[in-house]
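Those protein sequences? They're chains A, B, C, D, E, F, G and H, same order as listed. Per our numbering: the first sequence = residues 61 to 285. Per our numbering: the second sequence = residues 61 to 285. Per our numbering: the third sequence = residues 61 to 285. Per our numbering: the fourth sequence = residues 61 to 285. Per our numbering: the fifth sequence = residues 61 to 285. Per our numbering: the sixth sequence = residues 61 to 285. Per our numbering: the seventh sequence = residues 61 to 285. Per our numbering: the eighth sequence = residues 61 to 285.
In short, the hints are calculated from the structure, not lab data. All of these numbers come straight from a predicted model, not from anything done at the bench. Don't take each hint at face value.
Pairs of lysine to aspartate or glutamate, DMTMM-like flavour, derived with a Cα cap of 25 angstroms [unchecked claim]:
no. : chain 1 : residue 1 : chain 2 : residue 2
1   : D       : K198      : E       : D68
2   : F       : K198      : C       : D68
3   : F       : K198      : F       : E222
There are 8 protein chains.
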Amino acid sequence: GFATLDLDRPRRCGAAEVIFAEGKTPEQVVAIVRTLREQGGCVLATRCTDEQVAMVQSAFGGNDQLLVDALARTIIVGDPPAPADAAPVCIVTAGTSDLPVAREALSTCVAYGQPAELIVDVGVAGLHRLLGRLDTIKRSSVVITVAGMEAALPSVMGGLIEAPIIAVPTSVGYGSHFEGLAALLSCLNACASGIATVNIDNGFGAAVMACRINALAHPNTVEAS
Amino acid sequence: GFATLDLDRPRRCGAAEVIFAEGKTPEQVVAIVRTLREQGGCVLATRCTDEQVAMVQSAFGGNDQLLVDALARTIIVGDPPAPADAAPVCIVTAGTSDLPVAREALSTCVAYGQPAELIVDVGVAGLHRLLGRLDTIKRSSVVITVAGMEAALPSVMGGLIEAPIIAVPTSVGYGSHFEGLAALLSCLNACASGIATVNIDNGFGAAVMACRINALAHPNTVEAS
Amino acid sequence: GFATLDLDRPRRCGAAEVIFAEGKTPEQVVAIVRTLREQGGCVLATRCTDEQVAMVQSAFGGNDQLLVDALARTIIVGDPPAPADAAPVCIVTAGTSDLPVAREALSTCVAYGQPAELIVDVGVAGLHRLLGRLDTIKRSSVVITVAGMEAALPSVMGGLIEAPIIAVPTSVGYGSHFEGLAALLSCLNACASGIATVNIDNGFGAAVMACRINALAHPNTVEAS
Amino acid sequence: GFATLDLDRPRRCGAAEVIFAEGKTPEQVVAIVRTLREQGGCVLATRCTDEQVAMVQSAFGGNDQLLVDALARTIIVGDPPAPADAAPVCIVTAGTSDLPVAREALSTCVAYGQPAELIVDVGVAGLHRLLGRLDTIKRSSVVITVAGMEAALPSVMGGLIEAPIIAVPTSVGYGSHFEGLAALLSCLNACASGIATVNIDNGFGAAVMACRINALAHPNTVEAS
Amino acid sequence: GFATLDLDRPRRCGAAEVIFAEGKTPEQVVAIVRTLREQGGCVLATRCTDEQVAMVQSAFGGNDQLLVDALARTIIVGDPPAPADAAPVCIVTAGTSDLPVAREALSTCVAYGQPAELIVDVGVAGLHRLLGRLDTIKRSSVVITVAGMEAALPSVMGGLIEAPIIAVPTSVGYGSHFEGLAALLSCLNACASGIATVNIDNGFGAAVMACRINALAHPNTVEAS
Amino acid sequence: GFATLDLDRPRRCGAAEVIFAEGKTPEQVVAIVRTLREQGGCVLATRCTDEQVAMVQSAFGGNDQLLVDALARTIIVGDPPAPADAAPVCIVTAGTSDLPVAREALSTCVAYGQPAELIVDVGVAGLHRLLGRLDTIKRSSVVITVAGMEAALPSVMGGLIEAPIIAVPTSVGYGSHFEGLAALLSCLNACASGIATVNIDNGFGAAVMACRINALAHPNTVEAS
Amino acid sequence: GFATLDLDRPRRCGAAEVIFAEGKTPEQVVAIVRTLREQGGCVLATRCTDEQVAMVQSAFGGNDQLLVDALARTIIVGDPPAPADAAPVCIVTAGTSDLPVAREALSTCVAYGQPAELIVDVGVAGLHRLLGRLDTIKRSSVVITVAGMEAALPSVMGGLIEAPIIAVPTSVGYGSHFEGLAALLSCLNACASGIATVNIDNGFGAAVMACRINALAHPNTVEAS
Amino acid sequence: GFATLDLDRPRRCGAAEVIFAEGKTPEQVVAIVRTLREQGGCVLATRCTDEQVAMVQSAFGGNDQLLVDALARTIIVGDPPAPADAAPVCIVTAGTSDLPVAREALSTCVAYGQPAELIVDVGVAGLHRLLGRLDTIKRSSVVITVAGMEAALPSVMGGLIEAPIIAVPTSVGYGSHFEGLAALLSCLNACASGIATVNIDNGFGAAVMACRINALAHPNTVEAS
Ligand SMILES: Nc1ncnc2c1ncn2[C@@H]1O[C@H](COP(=O)(O)O)[C@@H](O)[C@H]1O
Ligand SMILES: Nc1ncnc2c1ncn2[C@@H]1O[C@H](COP(=O)(O)O)[C@@H](O)[C@H]1O
Ligand SMILES: Nc1ncnc2c1ncn2[C@@H]1O[C@H](COP(=O)(O)O)[C@@H](O)[C@H]1O
Ligand SMILES: Nc1ncnc2c1ncn2[C@@H]1O[C@H](COP(=O)(O)O)[C@@H](O)[C@H]1O
Ligand SMILES: [Mg+2]
Ligand SMILES: [Mg+2]
Ligand SMILES: [Mg+2]
Ligand SMILES: [Mg+2]
Ligand SMILES: [Mg+2]
Ligand SMILES: [Mg+2]
Ligand SMILES: [Mg+2]
Ligand SMILES: [Mg+2]
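Same shape as in the complex, but just chain A:
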């Protein structure tokens, strides 16, 4: 076989394996979805190609609910859990081009049954855009910032709120940003505190962290996923 699925993960970690579709054949993706579906619960796949999406749709579209986000390149097979009755995760982007990463985070929250909301293109070059949304942001439990270039957003955010912040640097930029390295270093070196960082463009990873945090505050919610 090409895989040894970790079917015990929900018991240990509170959530099932998620399929990282990059580099897998469409047939492999379908086969893994099938095995994971047998456990009950919905199945999330990230970084899907059009071809993978198409084959998953034709394999499961008849019986299962399918949620496809083309921009995020995610697919959810089966009904996701109803969102927990909790303060939402707030996903905030600095620019327009950070949107796909932010949407990957959003799909992940859906699959994990945590409420989430999205605020787009409020980078620090026009501060009033961010300050104008501060009330909404302050009502959320955890904030995910999604920003490329020099990624100043988490630093500014860190000085404005009490909630924990998860910074996602993105590979958005021009010139010597080195595929997001400049943004990554910025997040790690943020002068404000209360910030932890995930890998470049890793919207999924940020959302899992956020969901684990939210589940902590609302202990009964993740079990359903």
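Once you have looked at the hints, place chains B, C, D, E, F, G and H with the ligands on chain A.
Coordinates of chains B, C, D, E, F, G and H with the ligands only, in the frame set by chain A:
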């Protein structure tokens, strides 16, 4: 003046400024402690030299309670808040040399009024050491891993528990670890999920993130600091 | 001519030159196979394109046995030596995407006449998968780990067995792994001992090292190749 | 000789050579000051050690006015030109530790005869500090930002004012900032426009650029230096 | 929505948002142009694909003046302000391949209403070419150097003139230039002073800096844009 | 406590924990030696300071045999196992300055009970030196090359012998070798095969790998340690 | 115009400008060839695409002699000077894949009128191949080594001959060679002396250096070019 | 023994081993000098500490001529060969701080019996300084440029003369020059041709290359050394 203190921070972020003592004169440290003490609440200083500690002790030792951790190089002036009645933050190190960073995290939790506990030298080269402490770890709300070299600890931890994990890479190692860069890249690329990373040796930053998370689950606790 | 083949290598090093097909024309590959076949022994080519495979098949398929592994991108022309009567080399991968590199190692063992076996997708995020195969692993003489991302597998393995371990970092991952550099640094900085590392994705090199080791324990085996 | 002084520079570039004292013996510094003083005009030396300062003081202190800034490690021998009647250069630091670099910039403005003013410790983690000084900043002609760690200050500044901004990244920080590289990349990748960058800790270079700009707006001013 | 346009920017920074077209759909570019046009003033888009240019042309070509520079990949929709009556910005390239970056700078000056002129292929390997144009260069107010490989041009220029210099390193070269990094480091380490640097290939950024400087010397000019 | 010793390691891995003394206090080293000695077998400590050596000598020198190698900075407390009756590990250095690393490898072989021999300063700039020792080298079972600068030694060695080769790059060199990185990359990219690499200056790691290999060919030997 | 040709270069440097065709349109290449041809002497273009070669052939093929090397991607328009009556430049490659770079060097020697000869695939993994050609190599005046991966060839060569050696690292390899960086660092750190290095894959640059050296020993030769 | 001296090198390479003193004990240096002196010819040692110089002086000062250059940190024991009757090697530095590296090159030329001359502090920020010395430079056979920071000197030099140029980047600079890396990349990417590069600060290596070149033009000269 040499500083513009951010006295409004407790209102916005739920906790006062912390003094990063590196590169400051002992006189500057004393002056900043004095101003911050006027707000009430205890004052935390990190990365202190012996000389800075001595001058702070002679300036405040008469009236205030002082908590000095020589290994962590931290000092707390004034009574810290009583620890919240909550599940503790669990700080776990891979080796003996990671201890100073772990202790900086511990002092920070004390100053922020969050309960914390420390498990030392349970790196993955002898798995039974980690597995033998798993019950304790699972009773905590957030886990901070402190590991240098190849920093495999957060990956293994991520597959064993449900709680959010904050990974602190350390500059511990020999050969081409590049002052902790190998460990940092490992944390960012961990194959397990539910992990976010702070900068190399940044025990303070990890603890602030952990305390913000714990305060979320127990909303009344941080206010006291 | 475009090449100066090292026909004396079997006498000095116990095995013939292997063709690294990348960047060679199909005609060049066929010409080199022909010259090496004249020495007797089978001929191994690695990193072959479909076009190279096709031309080798039409040139030699009539007379010689051909072993083609499309995933590994290897081809063996002529009968490989019977595998030595020895404990096998054990090739273990962390994930599904590490399979092509593992299969290049497997083909190399075949061409060198050393027994080998393959264990797939037992990375440390689900430790029970690895622990469940430990008996098999402990019966082998040498272990090759194949792992990308943060490559925690060799560290964990190094603390569980007595055999020498050869670590192959792979360029599998997302974000700031820098084409496998994060995995490479992890392997080099592993906290466990008994581990040596080959270059990123170099399944061939790991297998040659393993075969030299196995031949040492069973001195009569490599001569046949 | 150990040097070929460029005595023609005032004619070509509008200002004399400045002595970069690092790595020079005190005797060499004195010798160069002497030669440059013969041209008339004051002489600026940067990155001076205590020993160099002492020897310059004993050599010239009898006859010439001396301006020594111990924090900036600069010395000006001879009367600097009266500051031009122009809007000032505004030098703004993110933190307390950025002060020496900012003061090197200030000394340079003095030696070049351009008015300058200093605003300290108004980094983005406490935005009100920066916003509270915006009126002053807006009255200046050029702004120099001095910031280490993730250097978010120039990005935020760039979205608030019309004047050209010169960003000086500093080697201030902890963890993986790589001696200021994280700050440097941030400045170069700033999402706001109207920003150009000088090398890490190069307060001198930023000030020369600022003075050339100010002299452009007030063409008669630099000639005096 | 996919964007939160910063319509207040002209008031704060003296010029409107510019569209960075890379990674946007043609429809998104058209939509943003439309919104920005409503403010009055011309609209500049940079890094445009042929497809984006075509769609902008068909959407606005009927009513608005369009200036397209295919080499620079820029488009200006609407009448740019008449150039200020001021000394020009002088854009100088080291080689022929630096031309696209230089032309992006030129288009930006046009959109910002600052006069500019272009001198091409006068790199330091044939010094007489640069020295032969020195009179023209000295009549300009600000100089933008555009150079790849080892980017020696700003250093040599810095020793020849009084005006401020903005250095644009380019990703032009062969071998280990690392996509312009060698040129970037050269600009930052230039031994001459009066130089500030923008990111690799960032002709737009250099021109905005130059225009802000020129506007300072001729305060009434930018308002029109 | 400051440590969680892995006393079960001999059973799992065939050899006890080795003390990496760097960063430990002399008291800690003595305490760990004491605990490990209770298991029987000798105890190896590497990277020892003079002070650590002195305190170990005064604590154990009365009862135990002590082997101290000041150049290698190693100490062995207690009788090492008699060397196995096997072909030796051959440790070969390119230059004189590689000697401390080679001697660390030698001490490790002693502690692990494997025979070893040392050949010094036979780098490729004078090939006859290496070729003159080839007979000796060919009689060994495993070869450890220790080389800095461009580390050409393992490549040349790999084309001359049948035995497996473990390459140790060293931080010996001048100019842009980046603390051994040039040598490390050379070892990983060696054009010859049959080579695996350990981290920079890691003589200990190379020797453990070599001993595991030798123990494989002579299965009864390591048990004694 | 898009270019400022340096027509004075033969007088200053003894040879005309060479066209680096990469990034130029075929029309630009033809135009530059035309201008340079007017000076007399042949014209060399390197890094040509098929399309550029075709257009040069159709523009000049009627009247001028054309020498095209498709592997080297070079074209010489017009009769090159007769080779000087001097010891040849010897170009030696480590592998088959280094051939294109070596052939670029060869074409350059032809255009500069210096005799040259080529030895292919004699890398250090099979030393007898190199030693077998040593007589030929020793009869040459300058040696150019062309080698990728770990580039051990110049080090070994440096210890065998008296002539100056120019090392060309190539981007040939697999795994972490970083586009030739490993080879570049090896060349710069070679333990043998008498070696200088040019940029990765820069066969042209190595040959110009070699021709300048050969012209020095035979002063009348380059003038003709 | 700690060394295997290569006493055959003069026959193969035309010159004896040179002692790289860094990291050797004074006793080792004396012992190697003694052995090399037995071959006849003078002995050169580079990178000597004061202590090494003192011990060499007391061991050989009675009988042998000693040439010590404290700035270069070199020592020549025994009479160097009379300089060849040839055009000199010209060593040119950009700044004052590059002098030690230039002087190491000068001592090496002396030991190798090649005439050399030194021109100091003529960097490109004041072009007239370099142009004023061009006649002298043009009378030499080979030019060594010694330059740190952005190392523009070899590029400018390459466009002015016919002789081969050897570029030595130095670790002189401030800010992000990364111990000379910026200068190294500049030298390798120089837009002029006829330039080859040695490692950072490697004055010795540059001089050996220059002497090999000069010996080629004057074949009878090196033999004496
Ligand atoms: N997949 C591979 N990865 C690394 N090295 C290889 C591989 N395949 C072959 N080689 C090595 O490359 C050599 C041939 O290189 P070449 O002369 O360029 O064909 C062989 O003798 C092997 O040592
Ligand atoms: N603190 C500084 N940072 C950067 N460059 C400086 C500094 N001080 C002086 N310089 C430059 O260094 C030149 C003198 O260098 P040098 O010839 O080595 O003394 C001056 O003309 C300035 O351009
Ligand atoms: N070619 C360019 N290079 C660098 N920055 C640019 C360029 N073009 C536009 N920008 C900046 O990018 C901003 C728009 O970014 P976005 O919100 O992602 O469209 C503009 O306001 C400019 O400050
Ligand atoms: N200053 C220097 N820089 C670079 N290489 C040197 C230098 N001095 C001596 N060498 C080289 O180092 C070799 C001696 O190295 P070792 O065997 O380690 O003493 C000599 O034969 C020279 O090739
Ligand atoms: Mg935007
Ligand atoms: Mg331990
Ligand atoms: Mg898996
Ligand atoms: Mg502050
Ligand atoms: Mg040109
Ligand atoms: Mg030696
Ligand atoms: Mg070959
Ligand atoms: Mg100077």
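Open item on the list: Of all the hints numbered above, which does this structure not satisfy? Sort the numbers upward.
Closed with: Every hint satisfied by this model.
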